[in-house]
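On the provided structure of chain A, position chain B as indicated by the hints.
Chains as they are written, first to last, in the numbering used here: chain A, 5 to 369; chain B, 5 to 369.
No wet-lab data here; the hints were simulated from the structure. Some hints could be false.
Repeated chains share a single entry, so a pair holds when one copy, or any two copies, can fit it.
Think about it this way: if two alpha-carbon atoms lie no more than 20 Å apart in a straight line, the pair counts; the simulated EDC-like pairs of lysine to aspartate or glutamate are [as the list claims (entries may be wrong)]:
id, residue 1, residue 2
1, K295, D206
2, K342, E89
3, K322, E89
4, K244, D348
5, K297, E201
6, K244, D97
7, K322, D97
8, K52, D27
9, K297, E359
10, K52, E208
11, K85, E292
12, K342, E352
13, K297, E239
14, K85, E201
15, K85, D47
16, K342, E216
17, K342, E292
18, K86, E235
19, K322, D20
Nothing here was measured: the structure is a model prediction, and the numbers come from that model.
There are 2 protein chains.
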Amino acid sequence: MEVTCKAFQDRTYTIDFEWNLIDRVQEPFARHGIRPPFYVISDRTVWKHHGRRILQALAPHPVFPYLVRPGETSKSLSNWKKVQEFLLHNGADRRSTVIAFGGGVVGDLAGFSASTYMRGLNFVQIPTTLLSQSDSSIGAKVAVNHPAAKNLIGSFYQPHLVITDPSLLSTLSSREFSAGLGEAIKYGVIEDPELFERLFRDVEGLLSYNREFLGDLIARCIRIKVRVVEEDERETGLRKILNFGHTIGHALEQATHYRRLRHGEAVAWGMLAAGWIAIRRGMWNPGEFEKLKSIIFRAGSLYPLGTVTPGNVLEALKHDKKKTGKSLNFVLPERTGKVVIVGDVSPELVTQAIEFIFQLEPARR
Amino acid sequence: MEVTCKAFQDRTYTIDFEWNLIDRVQEPFARHGIRPPFYVISDRTVWKHHGRRILQALAPHPVFPYLVRPGETSKSLSNWKKVQEFLLHNGADRRSTVIAFGGGVVGDLAGFSASTYMRGLNFVQIPTTLLSQSDSSIGAKVAVNHPAAKNLIGSFYQPHLVITDPSLLSTLSSREFSAGLGEAIKYGVIEDPELFERLFRDVEGLLSYNREFLGDLIARCIRIKVRVVEEDERETGLRKILNFGHTIGHALEQATHYRRLRHGEAVAWGMLAAGWIAIRRGMWNPGEFEKLKSIIFRAGSLYPLGTVTPGNVLEALKHDKKKTGKSLNFVLPERTGKVVIVGDVSPELVTQAIEFIFQLEPARR
Numbered sequence: 005m006e007v008t009c010k011a012f013q014d015r016t017y018t019i020d021f022e023w024n025l026i027d028r029v030q031e032p033f034a035r036h037g038i039r040p041p042f043y044v045i046s047d048r049t050v051w052k053h054h055g056r057r058i059l060q061a062l063a064p065h066p067v068f069p070y071l072v073r074p075g076e077t078s079k080s081l082s083n084w085k086k087v088q089e090f091l092l093h094n095g096a097d098r099r100s101t102v103i104a105f106g107g108g109v110v111g112d113l114a115g116f117s118a119s120t121y122m123r124g125l126n127f128v129q130i131p132t133t134l135l136s137q138s139d140s141s142i143g144a145k146v147a148v149n150h151p152a153a154k155n156l157i158g159s160f161y162q163p164h165l166v167i168t169d170p171s172l173l174s175t176l177s178s179r180e181f182s183a184g185l186g187e188a189i190k191y192g193v194i195e196d197p198e199l200f201e202r203l204f205r206d207v208e209g210l211l212s213y214n215r216e217f218l219g220d221l222i223a224r225c226i227r228i229k230v231r232v233v234e235e236d237e238r239e240t241g242l243r244k245i246l247n248f249g250h251t252i253g254h255a256l257e258q259a260t261h262y263r264r265l266r267h268g269e270a271v272a273w274g275m276l277a278a279g280w281i282a283i284r285r286g287m288w289n290p291g292e293f294e295k296l297k298s299i300i301f302r303a304g305s306l307y308p309l310g311t312v313t314p315g316n317v318l319e320a321l322k323h324d325k326k327k328t329g330k331s332l333n334f335v336l337p338e339r340t341g342k343v344v345i346v347g348d349v350s351p352e353l354v355t356q357a358i359e360f361i362f363q364l365e366p367a368r369r
Numbered sequence: 005m006e007v008t009c010k011a012f013q014d015r016t017y018t019i020d021f022e023w024n025l026i027d028r029v030q031e032p033f034a035r036h037g038i039r040p041p042f043y044v045i046s047d048r049t050v051w052k053h054h055g056r057r058i059l060q061a062l063a064p065h066p067v068f069p070y071l072v073r074p075g076e077t078s079k080s081l082s083n084w085k086k087v088q089e090f091l092l093h094n095g096a097d098r099r100s101t102v103i104a105f106g107g108g109v110v111g112d113l114a115g116f117s118a119s120t121y122m123r124g125l126n127f128v129q130i131p132t133t134l135l136s137q138s139d140s141s142i143g144a145k146v147a148v149n150h151p152a153a154k155n156l157i158g159s160f161y162q163p164h165l166v167i168t169d170p171s172l173l174s175t176l177s178s179r180e181f182s183a184g185l186g187e188a189i190k191y192g193v194i195e196d197p198e199l200f201e202r203l204f205r206d207v208e209g210l211l212s213y214n215r216e217f218l219g220d221l222i223a224r225c226i227r228i229k230v231r232v233v234e235e236d237e238r239e240t241g242l243r244k245i246l247n248f249g250h251t252i253g254h255a256l257e258q259a260t261h262y263r264r265l266r267h268g269e270a271v272a273w274g275m276l277a278a279g280w281i282a283i284r285r286g287m288w289n290p291g292e293f294e295k296l297k298s299i300i301f302r303a304g305s306l307y308p309l310g311t312v313t314p315g316n317v318l319e320a321l322k323h324d325k326k327k328t329g330k331s332l333n334f335v336l337p338e339r340t341g342k343v344v345i346v347g348d349v350s351p352e353l354v355t356q357a358i359e360f361i362f363q364l365e366p367a368r369r
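One chain only, chain A, in its complex shape (with noise of 0.2 Å):
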């Protein structure tokens, strides 16, 4: 599957879609005219797993590869000072290659170094978890975290060039994949009932890692995704959709200090706590509530939150980026494929739903 993204202001780039395409990727390469040299930033793990497999299909082209610990604490300001250290003393210059090979956080501190680097270097996105490859490889949000609040300093970049392989994905821990699972869920609820309906009757499937249905589930975030972003990369209005689950979920990320949850995780927690807001306020079908709780129970995307707590977690939600003045946004479902930006949720009932998703944790039950 060979999708395009039309980007901001009519700049175009492909995502390309297909089992075991990492083994043949200088021929998409030379398609869009990437060249070495090749930077390429990725992590620990993925390295181990699939570092010499890049290696073999980027040779004999000189390549640089750059390791950071795997996790969302590597998205750091001075990680991404390294790197520009890194492309400096390795001798980049602007017809250079930045490929990010790794999930969300090595996607993410690898396109906004690509993008400062001289002004922009060319940027390929390998995605290797199902978080990045159905969601955070497209729509060229890059960034890193600021101890403030997630995602502070960053820009809109696009990459050239996302190479999606789901053969990937197989090395994924059972931790990682049901994280990634956390954002596949949410185009369910937002975007796609036949999805979410899918994920309802059989998300057991996809943890037995049935390849058709993971196949079907990357193809539909991707083209959910890029008809949002193609509307709205700048999230000035549809845009905004996306981030159901993500107002508490950053919170969350940012009351633990980055270090405990994945993102997928802090999401599925954030739409557990935005659908009981949706309930509460009568907008939302109850019995949808239930299936949506069902699924993320069943696909393990609840990581216990430790030892926070909801005042942190409420004290976290001031620095919000998505505020716009003084209120909180909330993305809410009026139904399952249909949901609306509302902004006067009020603070008891934001507080409320914090309180409810710490009660739902077994060892505080």
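Below, chain B alone, put in the same frame as chain A:
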């Protein structure tokens, strides 16, 4: 005068050019949807002269000023980081406006900060120097310096509006004014023989602040710059002509650690080196080169080079961002008003050109 600049992929912005426009800046702000709060990045000298004036013009809206030391060393990663903290701690959100109120250094620092905070805030340029009014406030290039190379870290980020008020130039020191003439003289050589002739006849008129000539000079430079960046914002072709004098100029700045020379002074030295290479290659009329030397000398743009050596400059050239592959690019005049990009200048000729400009220094003659 109002000039519209059609930027990369159809995004346009306006350069509003008028004497004393600063005092009624809220009118263009309202026309272009620029909203408070205003985060004004400036330098201490500019603020001393014009701080009260801009505060009055922006009243009664909330204004947060952030002042840096005047000079190229303020265009640093560490200042960029401080501006991000300043924006964060003063509650900037996606709808806030960053105003660059100063010369090229302030414009670059403020612009790069605006481009990366929350993936981009509104950005207004109010240039206060001859160089920034006639050149650097237009064209969307923003960056900070790296010890190893000028403008190494940056991006392309269009201002939403440029407010150009020549009345702000009245407080410039004579050194600052002469330095700013460097880039203006460049426009004569690369695109405007009429301007070049007028400068040759009467550069003294500018130095004595002839209002008509000054206004005409800035307007001509703006029109040329807009035409060039409209055709090639990303500098894949035509825009490279703006780098006349910049190959050696940037190396001089880097070799003097961005501390000694103003950018326009370095460009003035660099134009003499490039002009000399053009003559040695038999490309340009020696009489025109003599005129260029005369203009630059009489403009007072040649600040002494100090203790730096030709060897230091050659070393600095190794990290030139304008390099593609191994060869240095030079912009050389074929005739006054017409330059070409040349990639095959021999290292010997480069060395000799550097030695040539060092011999022009009174102290070394």
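Results of checking the hints against the structure:
no. : hint           : in the structure
1   : K295 with D206 : within (12 Å within a copy, 80 Å between copies)
2   : K342 with E89  : neither (45 Å within a copy, 37 Å between copies)
3   : K322 with E89  : between (34 Å within a copy, 16 Å between copies)
4   : K244 with D348 : within (16 Å within a copy, 51 Å between copies)
5   : K297 with E201 : within (13 Å within a copy, 77 Å between copies)
6   : K244 with D97  : between (35 Å within a copy, 16 Å between copies)
7   : K322 with D97  : between (40 Å within a copy, 12 Å between copies)
8   : K52 with D27   : within (16 Å within a copy, 62 Å between copies)
9   : K297 with E359 : within (16 Å within a copy, 75 Å between copies)
10  : K52 with E208  : neither (28 Å within a copy, 68 Å between copies)
11  : K85 with E292  : neither (45 Å within a copy, 45 Å between copies)
12  : K342 with E352 : neither (25 Å within a copy, 68 Å between copies)
13  : K297 with E239 : neither (28 Å within a copy, 52 Å between copies)
14  : K85 with E201  : neither (44 Å within a copy, 47 Å between copies)
15  : K85 with D47   : within (16 Å within a copy, 25 Å between copies)
16  : K342 with E216 : neither (26 Å within a copy, 61 Å between copies)
17  : K342 with E292 : within (12 Å within a copy, 69 Å between copies)
18  : K86 with E235  : neither (35 Å within a copy, 34 Å between copies)
19  : K322 with D20  : neither (39 Å within a copy, 37 Å between copies)
The earlier numbered hints that this structure contradicts are 2, 10, 11, 12, 13, 14, 16, 18, 19.
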